[in-house]
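Assemble chain B onto chain A, guided by the hints.
For the record, the sequence lines run as chains A and B. Counting from 1, one number per residue, gives the positions in the first sequence under this note's numbering. Counting from 1, one number per residue, gives the positions in the second sequence under this note's numbering.
Just so you know, these hints were derived from the structure itself, not from any lab. It cannot be assumed that every hint is accurate.
One copy or two, it doesn't matter: identical chains are merged, so the pair holds either way.
To be verified - Straight line, CA to CA, 25 Å or less: simulated SDA-like cross-link-like pairs of lysine to any residue:
1) Lys321 with Asn267
2) Lys294 with Gln112
3) Lys321 with Asp92
4) Lys83 with Ile316
5) Lys18 with Asp92
6) Lys160 with Asn241
7) Lys18 with Thr142
8) Lys294 with Leu109
Here are the chains, one letter per residue:
Protein chains: 2
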Amino acid sequence: MTKLGIVGYGNLGKASEKIACSRDDMTVVGIFTRRDPATMHSPFGTPFYSQDQLQQFVGKIDVLALCTGSANDLVDLALEQAKHFNTIDSFDTHARMREYVTALDAVALDNQHLSMVGVGWDPGVFSIMRTLFDGVLPNGHTVTFWGKGVSQGHSEAIRKLDGVVKAVQYTVPKEDALAMARAGQGSALTTRDKHLRQCFVVAEDGADLDKIACQIKSMPNYFADYDTEVNFVSSEEFDLNHTAMPHGGLVLRRGDVNGMAENLEFNLNLSSNPDFTASVLMAYARCLVRLYNKGVRGALTALDVPVSALIDVDRIDTIAKFL
Amino acid sequence: MTKLGIVGYGNLGKASEKIACSRDDMTVVGIFTRRDPATMHSPFGTPFYSQDQLQQFVGKIDVLALCTGSANDLVDLALEQAKHFNTIDSFDTHARMREYVTALDAVALDNQHLSMVGVGWDPGVFSIMRTLFDGVLPNGHTVTFWGKGVSQGHSEAIRKLDGVVKAVQYTVPKEDALAMARAGQGSALTTRDKHLRQCFVVAEDGADLDKIACQIKSMPNYFADYDTEVNFVSSEEFDLNHTAMPHGGLVLRRGDVNGMAENLEFNLNLSSNPDFTASVLMAYARCLVRLYNKGVRGALTALDVPVSALIDVDRIDTIAKFL
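If we strip away everything but chain A, and leave its shape as in the complex, we get (with noise of 0.2 Å):
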């Protein structure tokens, strides 16, 4: 049973505390936050906790998944928590990956703990795709592509916008750049080159529809650079269709063995992005802790990970199942 702790109660940790309610070899001690525990509630009934009490549950938390928003306060956070528990978190800063496993290691190691960065699908999975693919195809180019999925920041800039009752932002990877990724020609493509910048707007009654379609594609670094395609739709419709969170992509590699031309891709198709990230997560704090007990020690990330470590029977029958 892995006693697992929950810090920040946003989309991820709310999946993250639902897959673990519904496996019964998870438990959920606590939710750790920031706001007034007293204000919080739960459809489980795990009892919430302010981030100033985690000290009172060093040594009854097995691993503490870091749910919280911000790429900046998860860094700190798990520096701090990582003296007194077993960490895992889905940062997602790629520039920031060096400096972050590196401090969380040494941390992590002096106090004889295990963390695990950056898990998630990107990162998480798409970095075991890119890792995998350059490994086993040496001579190659991998493109990754982003969508059909919801930019958060993207939809709140189209939000702000005078006129505007409700938008979502979908960034859609461009089929005719994806052929070319796949016919080998994908390292000349850019970020911009590759996806399409969809939008879906419900405007208020009266408003100047082209004025507003208008100053979405006209606004910088959001949407002027891009293709951006604007739809205006009823506040019904955009209810019924367009408040989930879709997301996914793909990781291509195009290569050459032997004067040979041969492709990988991997295709992410998800309903939900922080259902599929949560679960993610919560398979590797599973493996995180099978990992400790083992006397693992340090910070690791998705690529440190022997996949059959995600599987949790005996290494002979996975091999045997699986490979």
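Then chain B, alone, in the frame of chain A:
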């Protein structure tokens, strides 16, 4: 510099030699054969030796790649050579994996060697996908498809028919079966349901084409229970379009997290089956030598090795680049 020995000089041995000779971190010490070495020739000038001469190379080979054709021979060969060498193979008889890995692990440990088993694309890369997919999405169902690719056994069965000059059989995943698997209805599909058998045949002048097609389609075990398509082509067209060895396949997992449907899909599309298999084999051969030098002993599979071990740079550099 990895000192490689190759046992067997069929498609896989030749492709492995070509890769190793193209890399500046590998050298091929020798090719070991059951045929008369004096009759053998390598385009790279690699020396040939009798398999009986392997003993003379103890201490001179970092890893011995077992590229023999017969699955039975391969197990006996590995269990014998693991006494003297580190070995790697792409053994693919799924039903014997438990027995083989267990036996080879004992021999390798007894003799302080490291062996890797079943390293190719299936088993190998596909096995990693099946295990990872099951791990991160435990509530779901995985379906493996093979093709489009050449089945040597089925091609040979056609070539034995009277009136057939040349023939190739492609195993092709059926689109409707792929759609069912993606929609979460894959659990009922059999190998038969999932694949079309597509045949290209060059017939003798004056042969009865209807009779040949009928004989193919009614052939027990091979074709009778499948959807089989027979195409007669000219010898010239056959030589132009049907002498390569393409292959590939898909590993699909449809699962559920908190009531939301999530799809994971890996797709392999190979111009050359033996060249890609050799690329995987050589990548893990270099990885094997690094792990051996770190003290790892016994028999491992692709499931037991973290993907970061495939990349010959510092672990933190690998994390910074790929995570």
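Hints, one by one, checked against the model:
In the homo-oligomer, the alpha carbons of Lys321 and Asn267 lie at most 25 Å apart both inside one protomer (23 Å) and across protomers (21 Å), since each shortest distance falls under that limit. Proximity of Lys294 and Gln112 under a CA criterion of 25 Å is satisfied in both settings, with 12 Å inside one chain copy and 22 Å between copies. Taking CA atoms no more than 25 Å apart as the test, Lys321 paired with Asp92 passes between copies only; the shortest distance there is 13 Å, against 32 Å inside one copy. Taking the closest pair of Cα atoms, Lys83 and Ile316 come within 25 Å of each other only across two copies (21 Å); inside a single copy the shortest separation is 35 Å, beyond that limit.
With identical chains, the CA atoms of Lys18 and Asp92 are at most 25 Å apart within one copy only, with a shortest distance of 22 Å there and 40 Å across copies. For the identical chains of this complex, Lys160 and Asn241 are intra-copy neighbours only, at 21 Å inside a copy versus 58 Å across copies, given an alpha-carbon limit of 25 Å. Taking identical chains as interchangeable, the C-alpha atoms of Lys18 and Thr142 lie at most 25 Å apart only when they sit on different chains, with a minimum of 23 Å there against 35 Å within one chain. In this assembly of identical chains, the alpha carbons of Lys294 and Leu109 lie at most 25 Å apart whether taken from the same copy (15 Å) or from different copies (20 Å).
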